[in-house]
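Undergrad: Position chain Y relative to chain S; hints supplied.
Chains as they are written, first to last, in UniProt numbering: chain S, 1 to 228; chain Y, 1 to 473.
Among the hints, a few may not be true.
For lysine-lysine, the following BS3-like pairs were computed, each having C-alpha atoms within a straight-line distance of at most 27 Å [stated by the list, open to error]:
1) S:Lys54 to Y:Lys421
2) Y:Lys237 to Y:Lys101
3) Y:Lys286 to Y:Lys335
4) Y:Lys358 to S:Lys111
5) S:Lys135 to Y:Lys421
6) S:Lys135 to Y:Lys272
7) Y:Lys286 to S:Lys111
8) S:Lys13 to Y:Lys358
9) Y:Lys348 to S:Lys45
10) Y:Lys421 to S:Lys5
11) Y:Lys272 to Y:Lys348
12) S:Lys135 to Y:Lys269
Hint data in this document are derived by calculation from the structure and do not stem from the laboratory.
Spelled out from the first residue to the last, the chains are:
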Amino acid sequence: MLEVKQLQVEIGKETILEDVEFSVEEGSIVGLIGHNGAGKSTVMKTIMGWQDKKEGTIILNKVDQDQSFVRFKRQLAYIPEEPFLLPELTTMQHFQLYGQSYQLDEKTFTKRAQELSEQFEITDKLNEYPESLSKGMRQKVQTICALLPDVPLLLIDEPFMGLDVHAAQDLQEMLVEKAKKGTSILLTSHQLERMEELADTYIMLHQGHVAEHGLIEDFHSLSRRGTE
Amino acid sequence: MKSTIHLMRFLKKSRLRKKQKLYKLAFGVAFDLTITIYTGLFAIMFLFIAYDSLKQLEAVFLEYQANIESFFPLIVIGLIFGMIALSFQHPSINITSAEWKLTSLPFSIRNIWLYSLWIVIKKRFVVLSLLIMLLVLITPFSSLFLIKWYGVILSVFLLTVIPQWYFFQIQGFKKIGVYLLGVLSIGVIRLAFVLFELNAESVWILIILLFGLNVWIWPRRLKKINWMQVIEKSDSKEWNMFFINHMSRMDQVKQQRRNYFLQTLFTSKKAKLPFPYQQPAKLMRKLWRRSINQEVHIIYMMMFSILAIMIVLSLREGPLLQGIAIMLSVFIFVKLTVSFFSEIFKDKLFHSIPWNMKVITTAFWQIVSILSIMIMVIISVAVLLANTWSWWLVAQLLFIVVALFFLLDCEIERKVKALDKKRFQPAYFDQVIGILTYVGMAVSLLYPFTISYLTIILLYWIAKKHYFPLKID
Numbered sequence: 001m002l003e004v005k006q007l008q009v010e011i012g013k014e015t016i017l018e019d020v021e022f023s024v025e026e027g028s029i030v031g032l033i034g035h036n037g038a039g040k041s042t043v044m045k046t047i048m049g050w051q052d053k054k055e056g057t058i059i060l061n062k063v064d065q066d067q068s069f070v071r072f073k074r075q076l077a078y079i080p081e082e083p084f085l086l087p088e089l090t091t092m093q094h095f096q097l098y099g100q101s102y103q104l105d106e107k108t109f110t111k112r113a114q115e116l117s118e119q120f121e122i123t124d125k126l127n128e129y130p131e132s133l134s135k136g137m138r139q140k141v142q143t144i145c146a147l148l149p150d151v152p153l154l155l156i157d158e159p160f161m162g163l164d165v166h167a168a169q170d171l172q173e174m175l176v177e178k179a180k181k182g183t184s185i186l187l188t189s190h191q192l193e194r195m196e197e198l199a200d201t202y203i204m205l206h207q208g209h210v211a212e213h214g215l216i217e218d219f220h221s222l223s224r225r226g227t228e
Numbered sequence: 001m002k003s004t005i006h007l008m009r010f011l012k013k014s015r016l017r018k019k020q021k022l023y024k025l026a027f028g029v030a031f032d033l034t035i036t037i038y039t040g041l042f043a044i045m046f047l048f049i050a051y052d053s054l055k056q057l058e059a060v061f062l063e064y065q066a067n068i069e070s071f072f073p074l075i076v077i078g079l080i081f082g083m084i085a086l087s088f089q090h091p092s093i094n095i096t097s098a099e100w101k102l103t104s105l106p107f108s109i110r111n112i113w114l115y116s117l118w119i120v121i122k123k124r125f126v127v128l129s130l131l132i133m134l135l136v137l138i139t140p141f142s143s144l145f146l147i148k149w150y151g152v153i154l155s156v157f158l159l160t161v162i163p164q165w166y167f168f169q170i171q172g173f174k175k176i177g178v179y180l181l182g183v184l185s186i187g188v189i190r191l192a193f194v195l196f197e198l199n200a201e202s203v204w205i206l207i208i209l210l211f212g213l214n215v216w217i218w219p220r221r222l223k224k225i226n227w228m229q230v231i232e233k234s235d236s237k238e239w240n241m242f243f244i245n246h247m248s249r250m251d252q253v254k255q256q257r258r259n260y261f262l263q264t265l266f267t268s269k270k271a272k273l274p275f276p277y278q279q280p281a282k283l284m285r286k287l288w289r290r291s292i293n294q295e296v297h298i299i300y301m302m303m304f305s306i307l308a309i310m311i312v313l314s315l316r317e318g319p320l321l322q323g324i325a326i327m328l329s330v331f332i333f334v335k336l337t338v339s340f341f342s343e344i345f346k347d348k349l350f351h352s353i354p355w356n357m358k359v360i361t362t363a364f365w366q367i368v369s370i371l372s373i374m375i376m377v378i379i380s381v382a383v384l385l386a387n388t389w390s391w392w393l394v395a396q397l398l399f400i401v402v403a404l405f406f407l408l409d410c411e412i413e414r415k416v417k418a419l420d421k422k423r424f425q426p427a428y429f430d431q432v433i434g435i436l437t438y439v440g441m442a443v444s445l446l447y448p449f450t451i452s453y454l455t456i457i458l459l460y461w462i463a464k465k466h467y468f469p470l471k472i473d
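Bound-form chain Y, shown alone:
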């Protein structure tokens, strides 16, 4: 054990030195002497202001202190539950790849784990103690009140480390079952507190139960461990340094989202079966869903932006503003959708195989059609709410639907051609008709006759597909 502690300390020190070096570099980039002095002065001023404000709120604090007492058991129960719920995300005890590598040397995982447990306990103790000291210093809460809370919260913090580790290892529906059982137990405990009129001091019963759970887990602590998951989560926590990531722009690098819990839970046997070989679009649809899922946050942002544009510009009187809102919404949608289309080709495996463009585009259209309908619903609702219903309005909405699909088709076709030909230049006429379509949408509500432009779009579209079909495959 002695040699393990010695080496673990050495690892910790080396890690700390590396982090210090990184922070030094990042701070060097972010701050110069003047900014540092000003920030320091502002921080000190802020502390004084905060202290003064808190002093003035003494009566409020004392009132809270009196009221919060009755919620004491509930808060403790929530805290226990919350801490254990963290097992969905992290094992609480860090065993990084560096520590794991030690197991290939004469160091036992039991000792490494034990030392790592000690580190977590020490860290939680120090952080909570410092926090309480700060609260004693700057808040008007009574010391006795704070010490009582400190005792209970510290016990919960320390006694949930091992349960979190244990529950992290449980997978699939069993985990959900345990979680639901936990919720049920909390309900029963809470009910017991009310029925038996147990006072706040009785929360110690909970602490004893938690201690009992720790005793039960102890002999099982290193059985059925998913080390790969533990290492991955630990590595990512250890080296996830917000400031460094931000300064080195690593926060802009797309992280592959991995959730083994959900993956193991929802990977059905059917998903593992081969696809019907004669229907290649089915396999492609799966790849498109994967590709678009990775950008799902952008889709949410896009929907929100379009909704905001439509609401804000529709609330202001005037068909021109609403027309511009429609144009902007369609523009955002088309450009973002086309950028999704380009995304899949950046994947190494996908890039290395020949592209069956017909299958790829067909599958993409099948996925994107759902998104297009959602966008059209947003636009249509805004237009119908802001205008008096008429057949003209329906015709205008039809014009927008056709224009949206036409623009999307043109953009995708251009992308496909650009992927095939290095020095591809889009046709001049194609670009002009695209611009005119956007202008047509902007003024269509103001000048309803603009929808006659729909005929030009349709004629051009049909002629293009018939006489100049895309021949890449």
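In isolation and in its complexed conformation, chain S is listed as follows:
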């Protein structure tokens, strides 16, 4: 599925990521863990292509990011920590943009958009512009956008930030459901309890290096050992 090999990222003269290597298997949920500044967001940004890499390869389902960026991106969807919606498009127009970009047929799109809008309780906000939505609502819109297509990989940066308790619980269930159907999920979160409930494996970053990785149960025992 997703293979990140010998990833090295530099910003200016500073090395942000060095020799980062990991893979995400089909249908697995992988938690990217680390302190602030460990490099979690840089990993996400590099996979998304916002951040240039100095060395390394990122391959998703045998598609190299450098060789065919458009095909690479068609296989993933991203939920950012901070919503970045376009001020000129309404909620529904955002959904349409995503649906059309991921080439969903109209019937599937309409069904999913309706279902997700109901689940996230935003059916009355479909013709509203982002300016008139609260931050939580905007986060919901951004989340729905990414959940509309069935993609092999979901990248999620702090998925529960800004969502209310019910929406966060719903999202967690949806992610588990997606993973069962074969979607791989790479997510970052500071909410370790939720991460332990959700993730199968973890990758711990420390100062731009992969410090640890393994099954999430091991992370649990390690973290307990650390506090004893």
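TA: Same frame as chain S, now just chain Y:
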């Protein structure tokens, strides 16, 4: 109120200290000791020269003083109108995000607003007083004349603060209605001055009316306030420091243009409706319009540059110079248009979704075609005016049209490929044919047979589209 004043002063002092620090840093970058000494000396010399020149113009000043008296009411009316018209841009009273945050502490917005009003009044009073003192010192106007103007202008300045605040909060067509009513009132007042032969001293009637307006607004001053707009405008005014922006190159950072007034006015119900899902180009066209609108000043500059190039080089005799002008115009247009094409992909949301290149390029072409036609009109008019009309000339213009679209298509195709492949290298032959097309345009007026190159362009273009179509999606 006492605690509010205390904290507001503290905020003001902290803000001032921060600004001082920034200015100190910026001045440190911009000036060294030698430049400072020279600038200071030149400034003093300039003041002496200005004073001397103004003294010599004493007769002119006195003449102005006598003549301007008759325009006194008109100027006052214009001043009132102008000050209130500023409500389209700014609320006059600054409530920044820092002040707004105080409302979450035990400080009332009424007191914060009142203190902010006092600050505006104080500032306007001090600035105008200093200006009048300077005019008394350096101009030959009589002191009595200046004091009379000072009194009236100060009254207008102080009495328009609250109306500007009040009108800033009004939105949409209601605002335009109020504005038009204002224009009508001014007309009526002006007419009254003429009909009733009111003298210059009667402007005090206007001041009293303005005072009445203030009294009427006072109980309504904090009702239906759009605080988000007030805070945004206040923050941007407070921290918009030209020198600092220039030195830190912040003036080169693209600011997102926001005009809530126009946005609320022109966002129709239709614009909020979903797009026809089966026609993705419609949604894309909206995104392209948004993207190009953000660069509209560059389009104006481009049009002006092309017009200037075409006029200047066409006025000089010679088909070669005009051919070079055409080549340069097409080059500028193609390069800038392609840079517009790249712009949308920098948007975070747009970057994060898969690109349906066929839809994206189709929608872009639909928007850009209008621009291309405008450029071709400029080129054609210049060429037709500078040359004698003939069918050859028409054929040459046709060659330029095809060449322009061909070059644009090649450049866009290269951009699309570069977006998909990190290490994309354009084909050697493609680059050569591009260069030859530019050369062909430059010499086409001098050597009309060059337009036979059009056949090569068309053949290459058709073959490329047929045998090597762009397969990104």
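Undergrad: None of the hints should be skipped; say for each whether it holds.
TA: Hints, one by one, checked against the model:
Of the pairs offered as hints, the one joining Lys54 (chain S) and Lys421 (chain Y) holds, with about 16 Å between alpha carbons and a cut-off of 27 Å not exceeded. Distance check on the hinted pair: Lys237 (chain Y) and Lys101 (chain Y) sit about 18 Å apart at the alpha-carbon level, within 27 Å; holds. Restraint check for Lys286 (chain Y) and Lys335 (chain Y): the C-alpha separation of about 22 Å stays at or below 27 Å, so the hint holds. Note on Lys358 (chain Y) and Lys111 (chain S): the hinted pairing holds, with a Cα-Cα distance of about 26 Å set against a maximum of 27 Å.
Distance hint between Lys135 (chain S) and Lys421 (chain Y) is unfulfilled; the C-alpha atoms sit about 36 Å from each other, more than 27 Å. Between Lys135 (chain S) and Lys272 (chain Y), the direct Cα distance comes to roughly 20 Å. Compliance with the 27 Å bound is thereby established for this hinted pair. Using a Cα cut-off of 27 Å, the hinted pair Lys286 (chain Y) and Lys111 (chain S) holds, with the two alpha carbons roughly 25 Å apart. A distance of roughly 39 Å separates the Cα atoms of Lys13 (chain S) and Lys358 (chain Y); the hinted pair therefore is violated under the 27 Å criterion.
With a C-alpha separation of about 11 Å, the suggested pair Lys348 (chain Y) and Lys45 (chain S) falls inside the 27 Å cut-off, and the hint holds. Between Lys421 (chain Y) and Lys5 (chain S), the direct Cα distance comes to roughly 19 Å. Compliance with the 27 Å bound is thereby established for this hinted pair. Distance hint between Lys272 (chain Y) and Lys348 (chain Y) is fulfilled; the C-alpha atoms sit about 22 Å from each other, no more than 27 Å. Distance check on the hinted pair: Lys135 (chain S) and Lys269 (chain Y) sit about 23 Å apart at the alpha-carbon level, within 27 Å; holds.
Hints 5, 8 from the earlier list are contradicted by this structure; the remaining hints agree with it.
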